[in-house]
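*Asks:* As a plain string of letters, each chain reads:
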Amino acid sequence: MTFDSWLLALHLLSAAALVGAVTIFWILVIAVRRLDEPTKVQAFEPLMRIGSVAVIAGSLGTIVLGVWLAITLVAYHPWDGWVIAAIVLWAIAFEVGRRSGQEYDLAFSHARKSSDDGRTGSDAELAKLCRPRLGLIYHIIASAAILLILLDMIWKPGA
Amino acid sequence: MLASIRPDSWNFPLLLHVFGAMVLVGAVAAGVVAEFVSTRGEEAALLRRLAFRIFLLGALPAYIVMRVGAQWLYSKEFPDSSNDPTWIGIGFPIADAGGLVLFISIVLAGIASWKSKRRLGTAAGVLAAITLVGWLVAIWAMGAKP
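Protein chains in written order, with the working numbering: chain A, -5 to 153; chain B, 427 to 572.
Just the calculated beta-carbon pair ranges, DEER-fashion:
{"id": "1", "chain 1": "A", "residue 1": "G112", "chain 2": "B", "residue 2": "L526", "range": "45 to 55 Å"}
{"id": "2", "chain 1": "B", "residue 1": "P572", "chain 2": "A", "residue 2": "I65", "range": "18 to 28 Å"}
{"id": "3", "chain 1": "A", "residue 1": "W149", "chain 2": "B", "residue 2": "A471", "range": "40 to 50 Å"}
{"id": "4", "chain 1": "A", "residue 1": "W149", "chain 2": "B", "residue 2": "W540", "range": "38 to 48 Å"}
{"id": "5", "chain 1": "B", "residue 1": "F518", "chain 2": "A", "residue 2": "D(-2)", "range": "16 to 26 Å"}
{"id": "6", "chain 1": "B", "residue 1": "K502", "chain 2": "A", "residue 2": "A138", "range": "19 to 29 Å"}
{"id": "7", "chain 1": "A", "residue 1": "G112", "chain 2": "B", "residue 2": "T512", "range": "57 to 67 Å"}
{"id": "8", "chain 1": "B", "residue 1": "T512", "chain 2": "A", "residue 2": "I65", "range": "20 to 30 Å"}
{"id": "9", "chain 1": "B", "residue 1": "K502", "chain 2": "A", "residue 2": "T114", "range": "49 to 59 Å"}
{"id": "10", "chain 1": "A", "residue 1": "A85", "chain 2": "B", "residue 2": "I537", "range": "43 to 53 Å"}
{"id": "11", "chain 1": "B", "residue 1": "W513", "chain 2": "A", "residue 2": "S109", "range": "40 to 50 Å"}
{"id": "12", "chain 1": "A", "residue 1": "F(-3)", "chain 2": "B", "residue 2": "W436", "range": "20 to 30 Å"}
{"id": "13", "chain 1": "A", "residue 1": "S(-1)", "chain 2": "B", "residue 2": "K502", "range": "15 to 25 Å"}
Below, simulated EDC-like cross-link-like pairs (lysine to aspartate or glutamate); rule was C-alpha separation at most 20 Å, straight line:
{"id": "14", "chain 1": "A", "residue 1": "K34", "chain 2": "A", "residue 2": "D117"}
{"id": "15", "chain 1": "A", "residue 1": "K107", "chain 2": "B", "residue 2": "E468"}
{"id": "16", "chain 1": "A", "residue 1": "K107", "chain 2": "B", "residue 2": "E469"}
{"id": "17", "chain 1": "A", "residue 1": "K34", "chain 2": "B", "residue 2": "E468"}
{"id": "18", "chain 1": "A", "residue 1": "K107", "chain 2": "A", "residue 2": "E119"}
{"id": "19", "chain 1": "A", "residue 1": "K34", "chain 2": "B", "residue 2": "E469"}
Honestly, the hints are just simulated from the structure, not real lab data.
Ideal placement from N, C-alpha and C gives every residue a C-beta, glycine not left out.
Could you build all of it, start to finish, from the sequences and the hints given here?
*Replies:* As structure tokens, this is what we get:
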């Protein structure tokens, strides 16, 4: 096995972590959208944490190892159109995904605060925070950008 | 850089295979976390029900897409091969054994959710975690091609 094949394997595992994290966030988006009780929302916090760790590891792994591969592999260059397209899409997905996370984090913060204050019943404000319209739009855009990266990586237009 | 240059006709089955595998990893990871967190007691029923639904409605369809994509791609890349490379020899057994264990996990998670059985839920989580490790090894093999 060559060093490049190790890089490719780790790049692929990073991509799996990234797409896996997006899947976890979709599960969260769907699971919390009808919740309005702090303890129920808080039950989903471990999923949010795992998703956050995976998205950071996946995002950094894909970009660092991807650019590294584009430099070391003879067939590809960092200035190839499909590589630049992937980097631009990665940046869009990263920033929009971060903003989506901030929107949903408001629900978890509110649930924690309510629990600390001893309020455990239905909470209209929490119900609203669990369905952030902007957060959902950001998440759809981030997911679409990552799907486009996958298409770009497989078809490699112009390569 | 998911793969080197290949015939265009391989791309769609490869997309199905790769996308299915990556969604499968995320869905199984989410289900495992939900099963393990449910053992703490807080909102246990909610989390066990979520884990079962994730396995059934997320992981199982993703597994089918991944496995169909793999077979389709294999038929194109190795149409008459009787001597498969090592990475194929790693990937297929892990995928097939993982599918069986995933099915058992779904059944256990379903019973755990329906009958409120904490230990069955944990067993489903442990089995699914084992398949997750196996699939990560398979992803490594697909990339590194040892």
